[in-house]
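Participant: Chains V and L, in that order, are what the protein sequence lines are.
So the first sequence is numbered by our numbering: it starts at 368 and just counts up by one.
So the second sequence is numbered by our numbering: it starts at 368 and just counts up by one.
Just so you know, these hints were derived from the structure itself, not from any lab.
Heads up, a few of these hints could be off.
Coverage of chain L stretches by chain V, computed from C-beta distances (three or more under 8 Å per stretch; other residues unrestricted) [claimed, not checked]:
#, stretch
1, 377-385
2, 473-479
3, 549-556
Derived DEER-like restraints, expressed as beta-carbon distance ranges [said to hold, decoys possible]:
#, chain 1, residue 1, chain 2, residue 2, range
4, V, K371, L, G444, 39 to 49 Å
5, V, S487, L, R529, 51 to 61 Å
6, V, A441, L, A488, 38 to 48 Å
7, V, D528, L, E493, 22 to 32 Å
8, L, A562, V, E512, 27 to 37 Å
Quantities reported herein were computed from a predicted structural model and do not represent experimental measurements.
Ideal Cβ positions, reconstructed from N, Cα and C, are used throughout, including at glycine.
Number of protein chains: 2
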Amino acid sequence: MSVKLEFWFDFASTYSYLSATRIERMASDRGVDVDWQPFLLGPIFAAQGWNNSPFNLYPAKGRYMWRDMERLTAARGLPFERPKNFPQNSLQAARLALAIDVPEQRAAFSGAVFSAQFGSARDISEPQVLAECLESSGASREMLEHATDPRIKSALFQQVDRAKALGIFGAPSFVAGDELFWGDDRLGDAISHAATL
Amino acid sequence: MSVKLEFWFDFASTYSYLSATRIERMASDRGVDVDWQPFLLGPIFAAQGWNNSPFNLYPAKGRYMWRDMERLTAARGLPFERPKNFPQNSLQAARLALAIDVPEQRAAFSGAVFSAQFGSARDISEPQVLAECLESSGASREMLEHATDPRIKSALFQQVDRAKALGIFGAPSFVAGDELFWGDDRLGDAISHAATL
């Protein structure tokens, strides 16, 4: 059985885009399997007293983040187009990702959603965008129905509870064994740790 | 004339300790000079509505930071002992660092203060600790008087204003040309950018 690295992400998170574009390749090089775990930061931020992204609440931090993303995507040769609205509503995308049981399809769908949003500035709350992401990942666009499935809604609530229980306070986060790693900057460390388990 | 990289730090900042221990060596390898710029995060956090370190205000973030520091210092072979109080009062240390005009002495004093606090859990608001740091850096312990010098107090206020004007919202921060970099994780990028100027 191969080692699992849990990748916790919110689709609205800019730095999660950076990890989504490289985690499978980096993990595979070390013989580590990635377990894509969509969740919502909103309830976690709300518990901290924030009713918005910290990048909007704290303007200096926000200005810095956008410039940092420009530099990092340029250095990595990644497409980057700042979406008109931030943070986008990531609820439907998160539910759909959870509804997809096949790991490879979930990873492909999630990567497509991140690329649509931050690579092409598309609105990931639009059903048409999500339908395209489903199809490009090999899932069926009929999956869209699951976005309102009570079972899936409940599963997403449970994801947020699990994230809180793991001590997660931001995204992306990575869990390997008993260790939590936060931020795209720790992806390499997280994979190295997972590879030792 | 060699290129300057401004290193903005608050003595109470854990991640600034990480940068303080390696910035001179890393920068020197690339022909970059380091300009040590002490400031205080307190007034900047206060302007954001925080009356304490975010690592205390947001407990999950704080628990993570201490574990992250343990891992990083272990990986880099750095001494690390968590101080009893956090954040420590860094006011006197910041004033003294500013009062030291000789760049090499300011760097040595600052490094000694960080090591005393995070390497040996000593209290950097104690005059005895600061006196030892002054002496080990080649400055005189008579410099201690400058901690209450009105000219130095005023210079520290100006440092905080400059930090705000530069868009600084946390520490460590690095400024090279028109680019701001935040966090020990960006030290390498900051030096690489400085080296191109």
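Participant: Hint by hint, say whether it matches the structure.
Facilitator: Evaluated hints:
1. 377-385: violated (count 0)
2. 473-479: Per the Cβ count (0), the hint is violated.
3. 549-556: Holds: 5 residues of the stretch 549-556 of chain L have a Cβ under 8 Å from chain V.
4. V:K371 <-> L:G444: 39 to 49 Å: violated, 30 Å
5. V:S487 <-> L:R529: 51 to 61 Å: Violated, since S487 (chain V) and R529 (chain L) (Cβ atoms, about 39 Å apart) do not stay within the stated range.
6. V:A441 <-> L:A488: 38 to 48 Å: holds, 41 Å
7. V:D528 <-> L:E493: 22 to 32 Å: violated, 44 Å
8. L:A562 <-> V:E512: 27 to 37 Å: At 55 Å between Cβs, range violated.
Checked against the numbered hints listed earlier, the structure breaks hints 1, 2, 4, 5, 7, 8; every other hint is satisfied.
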